[in-house]
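Peer 1: With the hints as extra help, turn the sequences into a complete structure.
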Amino acid sequence: MTEFLLGAAAFVLGTVALGLIRLLRGPGHADRMLAAQLLGTGGVAALLLLGVATGVGAIVEVALLLALLAAFASVAFVSGIHRPDGLGTASGTEHAAPGSSDENKRDTP
Amino acid sequence: MNLALDILTIVAVSLGAIFFLAGTVGLLRFPDTLTRLHALTKADNLGLGLVVLGLLPQVSAPLAALGLLAVWLLALLSGATVGQLLAGTASAPDQDRAETPARHAGASHD
Amino acid sequence: MTSALVVDAALALLVLGLALWVISTRAAYSAVVGFVAYGLLMAIVWVRLAAVDVAMTEAALGTGLTGLLLLGAAARLAPYEAAEVSSRPGRGLRMLIGLLCAAIALGLAAVVLMLPDPAPTLALLVAENLPPTGVGNPVTGVLLAHRAIDTLLESVVLIPALIGVWSVAADPAWGGRPGSLPRPQSGSALTLLAQVLPPFGILIGIHLVWNGADDPGGKFQGATVLAAMWILVLIAGLREPPAVRDQRLRVLLVIGALVFIGIGVAGIWLADAFLAYPEGYAKPLILAIEAVLTLSIALTLGLLLAGPPANDHRSGGRS
Numbered sequence: 001m002t003e004f005l006l007g008a009a010a011f012v013l014g015t016v017a018l019g020l021i022r023l024l025r026g027p028g029h030a031d032r033m034l035a036a037q038l039l040g041t042g043g044v045a046a047l048l049l050l051g052v053a054t055g056v057g058a059i060v061e062v063a064l065l066l067a068l069l070a071a072f073a074s075v076a077f078v079s080g081i082h083r084p085d086g087l088g089t090a091s092g093t094e095h096a097a098p099g100s101s102d103e104n105k106r107d108t109p
Numbered sequence: 001m002n003l004a005l006d007i008l009t010i011v012a013v014s015l016g017a018i019f020f021l022a023g024t025v026g027l028l029r030f031p032d033t034l035t036r037l038h039a040l041t042k043a044d045n046l047g048l049g050l051v052v053l054g055l056l057p058q059v060s061a062p063l064a065a066l067g068l069l070a071v072w073l074l075a076l077l078s079g080a081t082v083g084q085l086l087a088g089t090a091s092a093p094d095q096d097r098a099e100t101p102a103r104h105a106g107a108s109h110d
Numbered sequence: 001m002t003s004a005l006v007v008d009a010a011l012a013l014l015v016l017g018l019a020l021w022v023i024s025t026r027a028a029y030s031a032v033v034g035f036v037a038y039g040l041l042m043a044i045v046w047v048r049l050a051a052v053d054v055a056m057t058e059a060a061l062g063t064g065l066t067g068l069l070l071l072g073a074a075a076r077l078a079p080y081e082a083a084e085v086s087s088r089p090g091r092g093l094r095m096l097i098g099l100l101c102a103a104i105a106l107g108l109a110a111v112v113l114m115l116p117d118p119a120p121t122l123a124l125l126v127a128e129n130l131p132p133t134g135v136g137n138p139v140t141g142v143l144l145a146h147r148a149i150d151t152l153l154e155s156v157v158l159i160p161a162l163i164g165v166w167s168v169a170a171d172p173a174w175g176g177r178p179g180s181l182p183r184p185q186s187g188s189a190l191t192l193l194a195q196v197l198p199p200f201g202i203l204i205g206i207h208l209v210w211n212g213a214d215d216p217g218g219k220f221q222g223a224t225v226l227a228a229m230w231i232l233v234l235i236a237g238l239r240e241p242p243a244v245r246d247q248r249l250r251v252l253l254v255i256g257a258l259v260f261i262g263i264g265v266a267g268i269w270l271a272d273a274f275l276a277y278p279e280g281y282a283k284p285l286i287l288a289i290e291a292v293l294t295l296s297i298a299l300t301l302g303l304l305l306a307g308p309p310a311n312d313h314r315s316g317g318r319s
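Here the protein sequences line up with chains A, B and C, keeping their order. When you line the first sequence up against this note's numbering, it's residues 1 to 109, in that order. When you line the second sequence up against this note's numbering, it's residues 1 to 110, in that order. When you line the third sequence up against this note's numbering, it's residues 1 to 319, in that order.
What the hints contain is simulated information worked out from the structure, not anything from laboratory work. These numbers were taken from a predicted model, which means no experiment stands behind them. Backbone N, C-alpha and C define an ideal beta-carbon position, used for all residues, glycine too. Be aware that one or more of the hints could be misleading.
[To be verified] A few chain B residues that face chain C, going by a derived Cβ cut-off under 8 Å, partial list only: (1) Leu76; (2) Leu77; (3) Thr81; (4) Gln84; (5) Leu85.
Peer 2: Okay, here's the thing in structure tokens:
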């Protein structure tokens, strides 16, 4: 059973690592974030499999930590896109819209 | 009894791994951000859920099982939120760009 | 055994490839997203190296707080990025920089490869001297008993860092609330997350600190989780960051280091050395230090991310 769980961990990790091609290709920032997100969930699954297979409970806690903070990068990413100012405009909407479309345009090949 | 539990583990973990594979294929092959998001959130929540389900018979301590379930619940919560947030950024700029469908159609052939 | 080796080699190659891509990519945003993915992979690498304490730190810092900090920086720099790319240094200078970096990497690799076999280690010494400290996790034992002075300096250095961040505030804004945190358009999903996640996060953070005595975990990982939960609440707009003129806030920021120094100085009389713990009291004292340090570190990390005080234009009506 241990070998099966370790093999499954390697398989899941290898699969989501392939998803990193989306990180290289884009085209938008949201697509890249999706690849990181998939890697996060896949990493959590691989750590759980590894933790149960080796019987090291602390590995499951690393997975718990990753799952807890998984949303964090995406929240930061979304708030970065909508970042209202830094320069002091009162209305966030006007400022955010051109900023984010600029981001996407620059990235499109 | 043990054999049955082991079979449950093997079946559930394998199904979960297949869902991860499907999610990755969807992420790579689907034509635009929203469909990729769909592939990702469905697959990784179900995939992780099946892996957790498969691992449950393999842990003896009830607290460890609770830990596994907690990981899955946290992943479900953050997956749902992240899906909403990323969908918001993906749909906002696209609305005011007329050439979007053409670009995506082109991108899907590479 | 060999199949594990193949998987580990693949993991190492993946980390190296991703690192190269992050360095070579032009757009700051993409590089930061790549860096977050890199942090995830590094956490798995540390688990494979049986360094679970480090893996936890990497998982908490690398994917959570660093991502937020770097994404914020990328957003702030975005307007200047095009100009920066067009005025990049010439080929010769870039070659020189590349050569110097490669030389450093090769030098480090050579040092690692030239270590005598077996590598010099203090692990046995630590293992022998762990029982008197009363803690079961060797990492915590080293950090808070054997090398407590390093940990003390580490927790003190966060305070000058925060002073440094605060010192870039504009004069009229001094004393006000930190204003660098992004404030996305209020989405109900984010509000929900900021309401549901923190109770679990606080529980897990305290669990990590408490568990740190005997299992992997500890004050820094726990404090990072607590800070992340606080930041989440601030970003969602459920609470305002505290004004930096607040006296209670400043007391809380330094109380961890003060308690640590106080117990350390008391050790001069009670146990004959600075930072020594009296016989039999090591574990309760270490737990007390960890508890207050967790609070101070969590606050400091959160405020470091919240940035310098700024003019409060968004909630101007309230102040």
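Peer 1: With a cut-off of 8 Å, does the beta carbon of Leu77/B approach a beta carbon of chain C closely enough for the hint to hold?
Peer 2: Given a least distance of 6 Å, the restraint on Leu77/B holds.
Peer 1: Does Leu76/B hold up as a contact with chain C if the rule is Cβ-Cβ below 8 Å?
Peer 2: violated, 11 Å
Peer 1: Let's test the interface hint: is any C-beta of chain C closer than 8 Å to that of Leu85/B?
Peer 2: holds, 6 Å
Peer 1: Have a go at the Gln84/B hint: is there a Cβ in chain C nearer than 8 Å to its own Cβ?
Peer 2: Cβ of Gln84/B sits 4 Å from chain C, so the hint holds.
Peer 1: Quick check on the hint: Thr81/B CB to chain C CB, less than 8 Å?
Peer 2: For Thr81/B, the interface hint holds, since the closest Cβ of chain C sits about 4 Å away, which is under 8 Å.
Of the hints listed earlier, the one the structure fails to meet is number 1.
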